[in-house]
Structures are given as C-alpha cells and as structure tokens.
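First to last, the sequence lines map onto chains A and B.
Going by my numbering, 890 is the number at position 35 of the first sequence; the sequence numbering is gapless.
Going by my numbering, 96 is the number at position 76 of the second sequence; the sequence numbering is gapless.
Quick caveat, the hints were computed from the structure, so don't treat them as lab data.
Heads up, some of the hints might be wrong.
20 Å max Cα-Cα, derived SDA-like pairs, lysine to any residue [to be verified]:
no.: 1; chain 1: B; residue 1: Lys81; chain 2: A; residue 2: Val865
no.: 2; chain 1: B; residue 1: Lys35; chain 2: B; residue 2: Met21
no.: 3; chain 1: B; residue 1: Lys35; chain 2: B; residue 2: Thr130
no.: 4; chain 1: B; residue 1: Lys81; chain 2: A; residue 2: Ile925
no.: 5; chain 1: B; residue 1: Lys252; chain 2: A; residue 2: Arg935
no.: 6; chain 1: B; residue 1: Lys68; chain 2: B; residue 2: Gly32
no.: 7; chain 1: B; residue 1: Lys45; chain 2: B; residue 2: Lys133
no.: 8; chain 1: B; residue 1: Lys183; chain 2: A; residue 2: Glu941
no.: 9; chain 1: B; residue 1: Lys252; chain 2: B; residue 2: Gln159
no.: 10; chain 1: B; residue 1: Lys35; chain 2: B; residue 2: Lys196
no.: 11; chain 1: B; residue 1: Lys246; chain 2: B; residue 2: Thr201
no.: 12; chain 1: B; residue 1: Lys133; chain 2: B; residue 2: Arg162
no.: 13; chain 1: A; residue 1: Lys874; chain 2: B; residue 2: Met21
no.: 14; chain 1: B; residue 1: Lys246; chain 2: B; residue 2: His190
no.: 15; chain 1: B; residue 1: Lys158; chain 2: B; residue 2: Gly62
no.: 16; chain 1: A; residue 1: Lys887; chain 2: A; residue 2: Glu860
no.: 17; chain 1: B; residue 1: Lys205; chain 2: B; residue 2: Gln193
no.: 18; chain 1: B; residue 1: Lys196; chain 2: B; residue 2: Asp226
no.: 19; chain 1: B; residue 1: Lys81; chain 2: A; residue 2: Gln940
no.: 20; chain 1: B; residue 1: Lys194; chain 2: A; residue 2: Gln940
no.: 21; chain 1: A; residue 1: Lys938; chain 2: B; residue 2: Asp99
no.: 22; chain 1: B; residue 1: Lys50; chain 2: B; residue 2: Glu103
no.: 23; chain 1: A; residue 1: Lys887; chain 2: B; residue 2: Val24
no.: 24; chain 1: B; residue 1: Lys133; chain 2: B; residue 2: Gly147
no.: 25; chain 1: A; residue 1: Lys863; chain 2: B; residue 2: Asp142
no.: 26; chain 1: A; residue 1: Lys863; chain 2: B; residue 2: Gln22
no.: 27; chain 1: A; residue 1: Lys938; chain 2: B; residue 2: Gln191
no.: 28; chain 1: A; residue 1: Lys885; chain 2: B; residue 2: Arg29
no.: 29; chain 1: A; residue 1: Lys885; chain 2: B; residue 2: Glu103
no.: 30; chain 1: B; residue 1: Lys183; chain 2: A; residue 2: Glu860
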Amino acid sequence: MFELELEKAVLEVKNRNAKRVVIQLPDGLKAKSNLVADTIEKETGAEVLIWLNSCYGACDLPLGLEVLNIDLMIQWGHNRYHKVQEMW
Amino acid sequence: MQLVFIDARFEGEVKLGDEVLTHIKDNNVKSVALFASVNFLGLDIVKKQLIEAGCDILTTKAKRTHVPTQILGCDSYEDSYEEDIISKADMVLYVGDGMFHPKALLLSQTFRKDIKDVIIWDPVAGGMKVINRATIQKQLNRTKGNLTRFLVAQTIGVLVTTKPGQQYLHQAQKLKEHLKTIDKKCYVFISDTIDIHHLENYPFIDAWVNTACPRIGQDDITTITKPMINIKEAFDPGKALEDLA
Numbered sequence: 856m857f858e859l860e861l862e863k864a865v866l867e868v869k870n871r872n873a874k875r876v877v878i879q880l881p882d883g884l885k886a887k888s889n890l891v892a893d894t895i896e897k898e899t900g901a902e903v904l905i906w907l908n909s910c911y912g913a914c915d916l917p918l919g920l921e922v923l924n925i926d927l928m929i930q931w932g933h934n935r936y937h938k939v940q941e942m943w
Numbered sequence: 021m022q023l024v025f026i027d028a029r030f031e032g033e034v035k036l037g038d039e040v041l042t043h044i045k046d047n048n049v050k051s052v053a054l055f056a057s058v059n060f061l062g063l064d065i066v067k068k069q070l071i072e073a074g075c076d077i078l079t080t081k082a083k084r085t086h087v088p089t090q091i092l093g094c095d096s097y098e099d100s101y102e103e104d105i106i107s108k109a110d111m112v113l114y115v116g117d118g119m120f121h122p123k124a125l126l127l128s129q130t131f132r133k134d135i136k137d138v139i140i141w142d143p144v145a146g147g148m149k150v151i152n153r154a155t156i157q158k159q160l161n162r163t164k165g166n167l168t169r170f171l172v173a174q175t176i177g178v179l180v181t182t183k184p185g186q187q188y189l190h191q192a193q194k195l196k197e198h199l200k201t202i203d204k205k206c207y208v209f210i211s212d213t214i215d216i217h218h219l220e221n222y223p224f225i226d227a228w229v230n231t232a233c234p235r236i237g238q239d240d241i242t243t244i245t246k247p248m249i250n251i252k253e254a255f256d257p258g259k260a261l262e263d264l265a
C-alpha cells in the first residue's frame, strides 16, 4: 500500500559503500522489514540490522548505534526534519 | 553514521471523494487550508479538484518540515506554522490516514475561543471524517485541570529526552531556575524514551513538565493520574489557563 522504494534503498547502500545498515520502520510498515532486509542484503551484500522499537518520526532516531559500527541508517515513512532550536 | 529517509508514499491515487466535494458545496466553502502527512503529498489531483470546486487553496509550511502543506504530529501549537491559515480558511482539510496528524490541527487551536472542525479525507479507507472540539474535549479538560494543579504543586519533575531531535535540556534548566524564584522544588529527569508508566516510581513529584514531544503533554495526559503540562505553558501557567477559559 505504501511505496518502500527498495531500489532507492539499495542504491543508497551501494553509493555509500555501507557494510552495516540499520533499518527503522514505523509500526505500519514493520511487518515488511523482512522484505526490506532480505532485499538489501541480497542486492548489496551489506549486513542489515532491524531497529525493534519506536519510529515516531524523523525526531526519533535510535541512540548509541556507534557502538555497533553502523555505517548507514535508513528510516522509512518520514522525511528531513528541522529542529526548532529554542522550543517547539 | 550516515542517514537516509524514505517517504513511503501511498501507492494508490490521492483524489478527494464525492463526500468532500459535496461538503464543500453544501457549506459554500470558498477557501481551504490544505494539509497532508508525508505519505500523501502527491496532491496534484486534490488541488485540481479544489480549484474546480471554486476554492482558493491556502498552504503554509510547518516549521519543522521542509515541504509546504506537510504536517508532523508535533505541529500541535499555533506557532508550529509559518503562517496561520487555519483562521483565514472556510474549511480545514487534512489528506491522510490515522488520527495523529489531523488531531494536531485541532490541538494547534487549543488556546482559541473557536476551534474549527478538521475535515479528513482518508485515501486508504476511501472515506471522509469530521473531527472537532468534542474530539479533544477530554484533553482540553485535563489540560485545564493540570494547569490548576501545577500552580499549587510544590515539587516539579521535568522530563528531558536524550533523543537529539526532541532534546530541550536548556529549557528544563531555564525552568528549574525560574521555579527556584517562586519557591518550588524541581528535579530534572532524563531518558531515551519517555515511558509515562515510569512516572509512578517517583511519588515525591506533585506535577510533571514535558519537554520532549509536545504530544506527550497533550495526548498522554489523559492516561496518567499526576498532572503533566508542556514546557510551553510552564513559565506562565496562569496565562495559559486564562487563554483556555
């Protein structure tokens, strides 16, 4: 029902030469995360890890991924976010 | 670590149903404030339909988005938008599924006397819904009650998330300083996820202030017993209460 743009995801992984990728999907798309992971792994050879928890928006990025040496994170369902620095 | 976003656009046709066009005609609507979530931003057909129905289309950019017309769930305050088009329009139209985003359009009118209805066209369900003041009445009542209880609370807990997109520690620190001047005790709590169930572990807190996603202080307040208000109201709760009356 919603366009996963797997070709774009694969291209981003390849262009960035990412070896370890985290995918983060909102609840409505989480059931498709196996399809996303399988496609990226098959097409790029990168290792894909699936973020288990929330994906409320572009403001809601997982923390602490650096300890796992993640090269790239792809979030579905949202777009670029401009934080208002002073207060929402 | 690099970051990429994928919009996940709706694959079907985004086109208004007859119910919306009839509503426009029956209510003699001449201008429409148009909003959509990112998944439904392909609005060319919708705009054409509105023009053919004789409507001026009003759009604005929510400050945290980079595409005009798009809204986020956190666009739930009047000043979340570059321009106030809601008060200028005959009708507020949201295109998308779910209730989280369109409710932001109602909540953004919280401190106004008249809250305009929001017409939802859901391309997934293929149906129209109307939400209005009654939809958020429980939240408005709780906000009013919470502001009153905050005014008399002695010990305040301020919630700060460590997630960079929602992190406003400097506002918590500013509030702590302010509360000191009016003889209230204040503690700042940090977490990577604000789970309201954890609040019960701190019985010494009389009232909470949320600095993370504003919807925590607007939606989740109906499910907790302790009062919670948003940081935006915490510096002058008396005025917020007056504006709500």
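Hints, one by one, checked against the model:
Proximity of B:Lys81 to A:Val865 is assessed by CA-CA distance (about 31 Å); at most 20 Å being required, the pair is judged violated. Note on B:Lys35 and B:Met21: the hinted pairing is violated, with a Cα-Cα distance of about 39 Å set against a maximum of 20 Å. Of the pairs offered as hints, the one joining B:Lys35 and B:Thr130 is violated, with about 30 Å between alpha carbons and a cut-off of 20 Å exceeded. The hinted pair formed by B:Lys81 and A:Ile925 fails the criterion: a straight-line CA distance of about 33 Å is larger than 20 Å.
Under the criterion of a C-alpha separation no larger than 20 Å, the hint pairing B:Lys252 with A:Arg935 is inconsistent with the structure, at around 24 Å. Distance hint between B:Lys68 and B:Gly32 is fulfilled; the C-alpha atoms sit about 17 Å from each other, no more than 20 Å. This hinted pair does not check out: B:Lys45 and B:Lys133 have alpha carbons roughly 26 Å apart, beyond 20 Å. The suggested pairing of B:Lys183 with A:Glu941 holds, with an alpha-carbon distance near 16 Å, which does not exceed 20 Å.
Between the alpha carbons of B:Lys252 and B:Gln159 the distance comes to roughly 16 Å, so the proposed pair stays at or under 20 Å and holds. Taking the CA atoms of B:Lys35 and B:Lys196, the gap is near 50 Å; set against the 20 Å cutoff, the hint is violated. Simply put, B:Lys246 and B:Thr201 have alpha-carbon atoms about 23 Å apart, too far for the 20 Å limit, and the pair is violated. Proximity of B:Lys133 to B:Arg162 is assessed by CA-CA distance (about 17 Å); at most 20 Å being required, the pair is judged to hold.
With a CA separation close to 11 Å, the supplied pair A:Lys874 and B:Met21 stays within the 20 Å bound. Proposed proximity of B:Lys246 and B:His190 is contradicted: the alpha carbons are some 24 Å apart, above 20 Å. The hinted pair formed by B:Lys158 and B:Gly62 fails the criterion: a straight-line CA distance of about 34 Å is larger than 20 Å. Taken as a hint, the A:Lys887 and A:Glu860 pair is honoured in the structure, with Cα atoms around 12 Å apart against an allowance of 20 Å.
Taking the CA atoms of B:Lys205 and B:Gln193, the gap is near 13 Å; set against the 20 Å cutoff, the hint holds. Between B:Lys196 and B:Asp226 the alpha-carbon distance is near 15 Å, which keeps this suggested pair within the 20 Å criterion. This hinted pair checks out: B:Lys81 and A:Gln940 have alpha carbons roughly 17 Å apart, not beyond 20 Å. Using a Cα cut-off of 20 Å, the hinted pair B:Lys194 and A:Gln940 holds, with the two alpha carbons roughly 14 Å apart.
Distance hint between A:Lys938 and B:Asp99 is fulfilled; the C-alpha atoms sit about 14 Å from each other, no more than 20 Å. For the hint linking B:Lys50 to B:Glu103, the alpha-carbon distance of about 19 Å falls within 20 Å, and the restraint holds. With a C-alpha separation of about 18 Å, the suggested pairing of A:Lys887 with B:Val24 holds against the 20 Å cut-off. Restraint check for B:Lys133 and B:Gly147: not satisfied, since their Cα atoms lie roughly 29 Å apart, outside the 20 Å limit.
In summary, the hint linking A:Lys863 to B:Asp142 is not supported, as the alpha carbons are separated by about 27 Å, beyond the 20 Å threshold. Between A:Lys863 and B:Gln22 the CA atoms are separated by roughly 15 Å; this keeps the pair inside 20 Å, and the hint holds. A distance of roughly 14 Å separates the Cα atoms of A:Lys938 and B:Gln191; the hinted pair therefore holds under the 20 Å criterion. With a C-alpha separation of about 15 Å, the suggested pair A:Lys885 and B:Arg29 falls inside the 20 Å cut-off, and the hint holds.
Restraint check: the Cα-Cα separation between A:Lys885 and B:Glu103 comes to about 35 Å, which exceeds 20 Å; the hinted pair is violated. The hinted pair formed by B:Lys183 and A:Glu860 fails the criterion: a straight-line CA distance of about 27 Å is larger than 20 Å.
Violated hints, listed in ascending order, are 1, 2, 3, 4, 5, 7, 10, 11, 14, 15, 24, 25, 29, 30; each of the other numbered hints is respected by the structure.
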